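Asker: So you can see what is in the structure, the chains are spelled out below.
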Amino acid sequence: MKRFVSVWLPRFAIERMARARPGAVPPDKACVLIESGRHGLVLTAVNERAERDGLRPGLRLADARAAIPDLVTRAAEPDADARHLHALARSAGRYGPNRNTEGTDGIWIETTGVAHLFGGEGGLARDLVERFRCAGFTTRIGIADTPGAAFALARHAHTGRSGDGASPLAPAPPGQTQTVLAGCPVEALRLSEATLVLLKRLGLRRIGQLYALPRAALVRRFRDVKGRGLTGGARAGDREELAEAVVGRLDQVLGRTVEPLQPLAEPPLRLIQKSYPDGLITHEGIMSALGDLAVTLCNDLDGRDEGVRRLRLSLFRVDNTATEIVIGTSRASRDATHLVRMLEERLSDLDAGFGIDMMALAALHVAPLTGRQTQLDSGSAERHAQATAHLVDRLANRLGADRIFRLATVESHIPERAQRRQPVDGMTGRRVALTPPNRGTGAVRPPFLLSRPEPIDVVAEIPDGPPARFRWRRISRRVIRANGPERIAPEWWRQIDGRSAEESPAATAHAARVRDYYEIEDERGGRYWVYRAGLYDGGEDAHGDRPPMWFVHGLFG
Amino acid sequence: MIGPAGLDPGGVHEIKPVRLQPAGTTGDVAGPCADWAAAWGAARTFALALISRRLHMLAAAGEAARPALWCQMRARVDDLGEIYAPGLAAFGIALDQLMIVEVDTARDALWVLEEALCAGSLALVAGTFEAIDLTPARRLALAAQAHATPCLVLTHPQTPAMAATASRWRVTPLDSAPHPFAEGSPAVADRSPAGPGSGADRLPGAHRLVVGLERLRARPLAGAVSQACVSWCDETFCFRMAAAVRDRTDGAGTPWRRTA
Chain F
1 MKRFVSVWLP RFAIERMARA RPGAVPPDKA CVLIESGRHG LVLTAVNERA
51 ERDGLRPGLR LADARAAIPD LVTRAAEPDA DARHLHALAR SAGRYGPNRN
101 TEGTDGIWIE TTGVAHLFGG EGGLARDLVE RFRCAGFTTR IGIADTPGAA
151 FALARHAHTG RSGDGASPLA PAPPGQTQTV LAGCPVEALR LSEATLVLLK
201 RLGLRRIGQL YALPRAALVR RFRDVKGRGL TGGARAGDRE ELAEAVVGRL
251 DQVLGRTVEP LQPLAEPPLR LIQKSYPDGL ITHEGIMSAL GDLAVTLCND
301 LDGRDEGVRR LRLSLFRVDN TATEIVIGTS RASRDATHLV RMLEERLSDL
351 DAGFGIDMMA LAALHVAPLT GRQTQLDSGS AERHAQATAH LVDRLANRLG
401 ADRIFRLATV ESHIPERAQR RQPVDGMTGR RVALTPPNRG TGAVRPPFLL
451 SRPEPIDVVA EIPDGPPARF RWRRISRRVI RANGPERIAP EWWRQIDGRS
501 AEESPAATAH AARVRDYYEI EDERGGRYWV YRAGLYDGGE DAHGDRPPMW
551 FVHGLFG
Chain H
1 MIGPAGLDPG GVHEIKPVRL QPAGTTGDVA GPCADWAAAW GAARTFALAL
51 ISRRLHMLAA AGEAARPALW CQMRARVDDL GEIYAPGLAA FGIALDQLMI
101 VEVDTARDAL WVLEEALCAG SLALVAGTFE AIDLTPARRL ALAAQAHATP
151 CLVLTHPQTP AMAATASRWR VTPLDSAPHP FAEGSPAVAD RSPAGPGSGA
201 DRLPGAHRLV VGLERLRARP LAGAVSQACV SWCDETFCFR MAAAVRDRTD
251 GAGTPWRRTA
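Chains F and H supply the protein sequences, listed in that same order.
Under this note's numbering, the letters of the first sequence match residues 1 to 557, in that order.
Under this note's numbering, the letters of the second sequence match residues 1 to 260, in that order.
To be clear, the hints were calculated from the coordinates, so they are not data collected in a lab.
Given the structure is predicted, the values throughout are model-derived calculations rather than measurements.
The beta carbon of each residue, even a glycine, is placed where N, CA and C say it ideally should be.
It is possible that part of the hints are untrue.
Example chain H residues on the side facing chain F (calculated, C-beta under 10 Å, incomplete) [what the hints assert, rightly or not]:
1) Ala61
2) Ala65
3) Asp79
4) Ala116
5) Leu174
6) Leu213
Computed far set for chain H versus chain F, every beta-carbon distance over 12 Å [said to hold, decoys possible]:
7) Ala42
8) Ser226
9) Asp234
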């Protein structure tokens, strides 16, 4: 179950101005922010004193002045407000990595699994309110299972209570969103003005009233409602869309559908961007511009002794669409030609449209990279390592990083668990001391292993003779030489720590059987690594009641 | 085998398995009935052995350590298995020396091989294919030559030979050499840890292959295919000339190297 916190700053714009310019907003006088609207100047924000005097955002300045002659007015600064809200959202990262601004005066934070760090959701909310209060902001907080419900609680759960003593926190305990929200007004559903008018006309004022209403009934009622003031929903098709919007929002709030959210992206560590007024259309033009950007970025990184690990190229087209390409490198690099070459491979199917008028190259992740001397050093090791790292980057860039790997051994007697793949970072190609395999002791391993053992029909001596004849992939093979058995017991500790329960029961039963491995050779020179799962006499085998089964597991060559 | 005294290090070498008939059938039987496992097994053994030799040669020449690249296709991995780390010890290839790339299509595999050759920093590049057309074959050959990196290509036995190769090998599996502890082998004469009838004569010994050289660019062959029966020694990690007939003992015991 996910948990979301919605922070609403009811007097954000005016409190921000009070903080940014001390003295601009006198606390003991009614003060408002104004902006020019369609019919003259209108109020966009009011301070606490003005609110007590009955002023509300949206009122015309002329009306407000008539009520309070000594009103202090300031021009609204929506751009500065947006910047400050963005900064607040960034600082809210302490409560959860996924967060972003919500409208012009709110922030949402996903706090799934975070609240215990603050001593529960109550503690988290108290911490949050206290921090915002120190910064000079009034807050209202809603906590719920869905972002929509948290939004509704933050903005509309407090209105019912009277006085300033109302708690700034409105939590919905997990799983109880529906009951808590029932009393909230329909405005909390984030619907358009026309929809709200329609809902009110139908007498639907509380969210709880919508719960029992079937979807079809709502659409029908919307269509049939008549009256003045419904300019927005004149046509029947539009009405249906509005009804769909209501149902869709309700589903999102109650968690029946997932609401897509865009969390705040981390800012790039280094960003180089350049605009091209004429627009780049040809591939050559784009590549040449990209080369310049990359050289600038690499020079910048050179001064800081850093190399890039993840790089993002953003291309903005003339018609306001954008494309992004992200590449990763296996080791820190500030080699402009290499980076450009990797980007070029991904650019091959780029649609430049009507031209590209801005390109931005951002280093998303950098790592320290001190200067390496490669020119005078006659030893080729470093040059080879560099070339190999570049090769790995290009392969991983096109095929995916998990497709290029080296093998490592794992301490396990079960053959299929004895190796794992690992990234090739820092692969030296150096020779290590090898122990020759012990031929004759039975501990031989094939160089090729089938991804899943294939069952075979076997004629073998009972109880533990090697196969004399077997049939694999519909071909009967006569065995002329054999070595074995090498007995491998199941790893009993895997059965008690519960990990095997995740696998299918059949796989567990299979893994739990004793295996006897044989290296066998057929008359055509094919060499196979086969095993018998289980024993003929049932002995120490937990599954003694079932007959043993034979499998091919590996191929020698 | 690959190096100053052996095969051309800047060339593409094609390895083809020989097609085998399943037991009990005669004539040319194609399709799912044909037994590919043994044939491919021999070719892959030969390829791994060549990789091992190349890595050894580089180390012996005192050159900087560099890894080899093995490119495998997803479909073939499902069919004939993936490289298994503990088994590489028999070929003397350390895990740090083998970089593995897994691809979905032959097109991707060709691209990987060409990129790897052009990097010029790998000891050897190897890949498995059904067949390679003229243009990609030529591209691989040029890349291998320009960057002095040998390229091994395993191709399907029934497809036509690849163009622009420096050499082409046809590999046939052979039953393995007698086990050192088996009766009649020289090792047993001294120590005799296994008495008669102990079953040691049924143990598999060293890998043996019949390696046929079908084409050699450096010295065109006059029609005849030169064949050699070799066995892979997993202690010294080199080939030996093997006795062709099972009952005969091993050859002189000296490592077999081409000097062409």
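Asker: Give a verdict on every hint.
Answerer: Status of the hints after comparison with the structure:
A cut of 10 Å between beta carbons decides the hint on H:Ala61: the least distance to chain F is about 12 Å, and the hint is violated. Restraint check, H:Ala65 versus chain F: the minimum CB separation of about 4 Å is within 10 Å; hint holds. The beta carbon of H:Asp79 is positioned within 10 Å of a beta carbon in chain F (closest approach about 9 Å), and the interface hint is therefore held. A distance limit of 10 Å between C-beta atoms decides the matter here; for H:Ala116 the minimum to chain F is near 6 Å, and the interface restraint holds.
For H:Leu174, the shortest C-beta to C-beta distance to chain F is roughly 5 Å, which falls under 10 Å, so the interface hint holds. For the restraint placing H:Leu213 at the interface with chain F, the shortest Cβ-Cβ distance is roughly 19 Å, beyond the 10 Å limit, so the hint is violated. The claim that H:Ala42 lies off the interface is violated: its Cβ sits roughly 6 Å from the closest Cβ of chain F, which falls inside the 12 Å cut-off. With a least beta-carbon separation of about 20 Å from chain F, H:Ser226 lies farther than 12 Å from that chain, consistent with its non-interface assignment.
Remark: the non-interface label on H:Asp234 conflicts with the geometry, its nearest Cβ contact in chain F lying 6 Å away (cut-off 12 Å).
This entry does not satisfy hints 1, 6, 7, 9, going by the numbered hints stated previously.
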